[in-house]
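Chemist: Each chain, written out:
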Amino acid sequence: MSSPAALAGRGVLRRALRHPSFASGGALTLLLVGVAALSLAWTPHSAYLIQVRQRLLPPSGLHWLGTDTLGRDVLSMLMVGAQNSIMVGVVAVSIGLTAGVALGLLAAARRGWVEEAVMRLADFGFAFPAILLAILFTAVFGPSAVNAIIAIGIFNVPVFARIGRAAANVVWAREFVLAARAAGKGRLRITLEHVLPNILPILVVQATIQFAIAILAEAALSYLGLGTQPPNPSWGRMLNEAQTMIFTAPLLAVFPGIAIALSVLGLNLMGDGLRDLVDPRLARAR
Amino acid sequence: MSLLEVNALRVRLRGPDGPVEAVRGVSFSLDRGQTMGLVGESGCGKSMTALALLGLLPEGGLLHGSVRFEGRELTQLSDRELCRLRGNRIAMVFQEPMTALNPLHSIGRQIAEPLCLHRGLSSEAARGVAGELLHRVGMPDARARLDAYPHQLSGGQRQRALIAMALACEPDLLIADEPTTALDVTIQAQILELIVDLVHERGMALILISHDLGVIAETVERVAVMYAGRIVEMGPVATVFGRLAHPYSRGLFAAIPRIGGGRSGGGRGRLAAIPGRVPDLAALPTGCAFADRCGHAQPVCRLAEPPPLAVGPEHWAACGRLDAVLASDG
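Sequence lines, in order, name chains V and Z. Residues 2 to 287 (our numbering) are what the first sequence spells out, left to right. Residues 5 to 334 (our numbering) are what the second sequence spells out, left to right.
Heads up, a few of these hints could be off.
Said to hold, decoys possible - Here are a few chain Z residues that sit away from chain V, every Cβ distance over 12 angstroms (derived from the structure):
hint, residue
1, Q38
2, N92
3, A95
4, F98
5, E136
6, D145
7, L256
8, L313
Unchecked claim - Derived Cβ-Cβ restraints for the label pairs, each shown as a range:
hint, chain 1, residue 1, chain 2, residue 2, range
9, V, A174, Z, R36, 32 to 42 angstroms
10, V, W114, Z, L307, 50 to 60 angstroms
11, V, V115, Z, A259, 40 to 50 angstroms
12, V, V115, Z, A12, 25 to 35 angstroms
13, V, A174, Z, R247, 35 to 45 angstroms
14, Z, S33, V, S95, 54 to 64 angstroms
15, Z, S6, V, G113, 33 to 43 angstroms
16, V, A174, Z, S33, 25 to 35 angstroms
Hints were generated in silico from the structure; no laboratory data involved. Idealized CB from N, CA, C, for every residue including glycine.
Only chain Z is shown next, with the shape it has when bound in the complex (with noise of 0.2 angstroms):
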C-alpha cells in the first residue's frame, strides 16, 4: 500500500460561464521517501490537483475520484477529520512567502500554532520547537527571530519560516506548491537544496509543482507533466528529460531560454513557443485537447482522448501519435 495513491481525481469548478473542468482525470501514487514534481503551464490544474488532496477547493468546487492516504479514502472524510490531516501528515507550503503569513501574528507564533494545534504541546514547549525548526531550515539568528513580524523578513527568510511552519508537526507527505517562483535565483537555489535535504533527513514524501522544468529536473525523482487538466506524461525523470514523448512536453522544454543561442536555428534564433493558447477548460474539443497546438496532430487525435502508452520502463505518454513522434527524432 502507497501513503498516497490518486485515482481519476476530477475537479469541477464554478466558472463565470458555468462549470469548469479543472483537473481532468488525474492518477498517481506516492510512497514515503520518494519525491515527484508536477509540471505544466498556468492554469493546467497542478494547484487544484494539491488543494484537493486537501481537501481544498475553492467555494463551489466539486471532487470526484479516490485519493487514498494510508489507505484512508479523504473524499470520504469530514471536515473535521481533514483538519486533523492538514498540517499534521500533510503539508503545504505555498507559493508567495509575502502573503502566506499572517502579518498581524509573529513568526514563532505561527510556526509554534500547528503544534499547540495537533500536538497539544503547551505554548512555551511549541515555542522551543519552533526556535528549533527556524534554526534547522537556515534562519539566521533563529530564536531572536522568533518575535519578528512578517514585514520584518525577507522573502526567502519568510519561505524559510512558511517550510518551518510546514514542517513543525513531522509530516509523512510535503506539498510544496511553487515554493522559489517568488524568490531571487540564488535563493531559489538555497530553498530547493533545503527542501531536499529535509525530505531526505526526514523520510517525507514530496509533491513539488512548478512550471521551472530546470527546477524539476534537479530536485525530484519522478516527474509528472499537466496540460488541461491531466497528466499528459510521467516517468523518472532522467528517462523522461532524455526521452521527451509528449509533444506537450517537449514543446515546454523547447521554450526554455538558452543564454548563447542552441535555440531553434542556432545563434540568435527566436525562443520557441508553442503555438496557439491553452484550451478553454468550459469548452474543451473532444479528443486530445493538445491536438489544436501540435504539430504532429491528425484527425483520429480529435476523435477520443489518447490513453496512456508506454515510452520506456515507468515511462509513459498520453499521445495518439506517439509512434511518429518518437520516430521523428530521426
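Chain V on its own, in the form it takes in the complex (with noise of 0.2 angstroms):
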C-alpha cells in the first residue's frame, strides 16, 4: 500500500507507536484479534454447551467469567463472539467500501447529472434510519447474521460514497491531475492511478471508523433477535438474555457490556491516531 504515511520514511512506525491513541487503541484491536484467533483453536469450555444444573455460577477458578442462565460459559461465549464481531465488522465494511468508494470515484470522475444522481442517493441512504433499515431487510429476507451483515454494509455504502466523492473532488482539482490528462490518461486511468492511491489513507481512517459501528450495529441487532442466531454466541445476544436477569446476576450484562465498549473503543482511538499520522496537520490544530 503506497500511503504517504508509507512513504514518509523509515520512522513511521517508531512515530505510530508513540502516539498515545494509535498504540492504546491497536493494542486493544489486536487483543480482539488475537481472542478471536484463539478461540479458533482453544477456549476454556465450549461455548455451545448447556449444563443447566451448573447455570449462573459467579466467576470462579473453574468459570474465570461465571456462567449464563443455561450454564453456557461465559468466558468461551465472549470469545467465540469475538469472531462473530470481526467477520461482522470486515465483511460489512468490505460490502460498504466496495460499492461506496466505486460509486464516489464514479461521481467525482463523470461531474454533472452522475455525481448528483449518486448524491442524491447517498443522501437518500443517510436519511433512512440504520437500524429501521436493518430491520426492514431482516423483516424481509429472515433474521440471520449474513443479513444482517448485509444491511449494515448497505448502511455503510453511503458513508463511503460520500467520503470517496468529497476525497476524490479535491484530488481531480490538483494540478497533477491536470496534467496526467494533458499526458492523455483518460478518466479511468486517471482514477485508479491518481485518485485511488491518494484518497487510500482517508479511506483507511473511516473504514476503522465504520468498523467500530458496524460492531455496535451487529451488537444492536443481535440483541434485537434480528442478527446471529442461537446457538451461536453474539455479545448482542448475550446482553439480551443477560437483561431479564440483571438483578439477581448482573455480571451476565457487564461482561459482554465491557467487550462491545472495548472493542469499539479501541478501533475509534486507531481511527484518530491514524488520522493523526496520515494528516500531522490536524493533529497540530488540536
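Join these two chains into a complex; the hints should help.
Modeler: As C-alpha cells, then:
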C-alpha cells in the first residue's frame, strides 16, 4: 500500500507506536483479533455446551467469568462472539467500502448528472435510519447473521460514497491530475492511478471507524433478535439474555458490555490515531 | 497548412454569477519550429487558451470556434481521440513543479507512463528512455534519480522532470504555461534555455505563456499580448518591442521595474502602474475592454470592439486610436 505515511520515511512505525491513541487503540484491537484467533483453536469450555445444573455460577477458578442462564461458560461465549463481531465488521465494511468508494469515484470522475444522482442516492441512504433499514431488511429476508451483515453493509455504502467523492474531488482539482490529463490519460486510468492511491489514507481511517460502528450495529441487531441466531454466540444476544437476570446476575450483562465497549473504543482510538498520523496538520490543529 | 490554426476561439466558463467569457475570439497559427509567446496579466485568458487547445476546459466550460491541428478539427474530436493526442503530439508543461507531479509515484514511472500509454513500450524499455530523457534535460545523476519521489527533488529538478515527461513522446507542439514562474531567477534562465534548445533540436512548435515580458522577449520569435480574453497586439518580438502599439502593451512594459531609475520621472520615481482594474469578465463593457484604463480613450472606443490594424509587417494591434497612440511618441 502506498500511503503517504509509508513514503514519509522509516520512522513511521516508531512515530505510530509513540502516538498514544494509536498505540492504545491498536493494542485493544490486537487483543480483540488475538482473542478471536485463539477461540478458533481453544476456549476454556465449549461455548455451545448447555449445563443447566451449573447455571448462573459466579466467576470462579473453573469458570473465570461465570456461567449464563443455561450454564454456558461466559468467557468462552465472549471469545467465540469476538469472531462473530470481527466477521461482521470485516464483511460489512468491505461491502460498504467496495460499493461506496466505487460510486464516489464514479461521481467525482463523471461529475454532472451522474454525480448528482449518486449523491442524492447517498442522501437518501443517510436519511433512512440505519436500524430501521436493518429491521426492514431482516423482516423481508428473515433474521440471520448474513442478512444482518448485508444490512449493515448497505448502511455503509453512502458513508463511503460521500467521503470517497469528497476526497476524490479534492484530488481531481490538483494540478498533477491536470498534468495527467494533458499527458493523455483517460478518466478511468486517472481514477485508478492517481485518485485512488491519494485518497486511500482517508478511506483507511474511515474504514476503522465504520468497523467500530458495524460492531455496535451488529450488537444492536442481535440484541433485537435480528442478527446472529442461537446457538451461535454473539455479544448483542448475550446482552439480551442477561437483561432478564439484571438484578440476580448483573455480571452477565457487564461482561459482554465491556467487550463491546472495549472493541469499539479500541477501533475508534486507532482510527483517530491513524488520522493524526496520516494528516499531521489535523494533529497540530488540536 | 500550418501545424496549428486557431480561429475565433471562445471559451465560456461557469462563474459564480453566471457565465464568464474567459477567451473572446483568439486567432493565430503556428508552424513546426516556430515559437510564440502569450503574455498578459493573471486572468487575461492565457492559460485558458492553452487548456482549450487540449480540450481540457474546467467543468461546465464551453468552447466555440475552431482549433485545427495538422488540419484536424480538435473541437470535434471525442474524448478518446483527444486522449491519444494529449501528451503524444501536443504536450504541456505546467507552472507549479511542486504540484504537477503525483507525490505517490517515482518520477521515473511518471516520465515512462506516456511512453507506455502512447508508444506501447514495455515498462523496462520506457524506463530506459526515461533515463535518457532525464539525462537530456540536465538532471544530475539521471539514472539514479529515476526512483526518486517528487519530494526528494528541488523545484528546478522537478521542472526538469516535468519537461522530460512532456518530451517523452516527441510532441509536435509544446505548450509551456509559466514554466519558470515558480523558480529562482538563476534556475529560470537555465530552464528557459533548456526549453529553447529542445524546441530547436526537435523542430517542435512552442507556445510559451508568461506574464513576464523579459522571459517572452528572450525566448520566442513572436508575441501575442492578451487582455480580457482577446489578443490586443501581435507580431515578431523584435518588431513589437521596438514599437509597442497598443496602450495596454505600453502600460505592461512601463510597469517593469528597472534598476537604477529610468522610470517615468527618472531617479527614484514611482513604479508606473496601469490605472484601474482588469474588468469583470462576466460584465464586460461594450467596445474596447481597455477603454476605462486607457489614457487615449475617446467616446468612439466604447462603441465597438476595435478591429486589428496593421502597425508594421506582420505586426498588428487592436486599437481604435492607433494613429494617436503611435503619434504620441513624438
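Chemist: Failing hints, ascending?
Modeler: 2, 3, 4, 10
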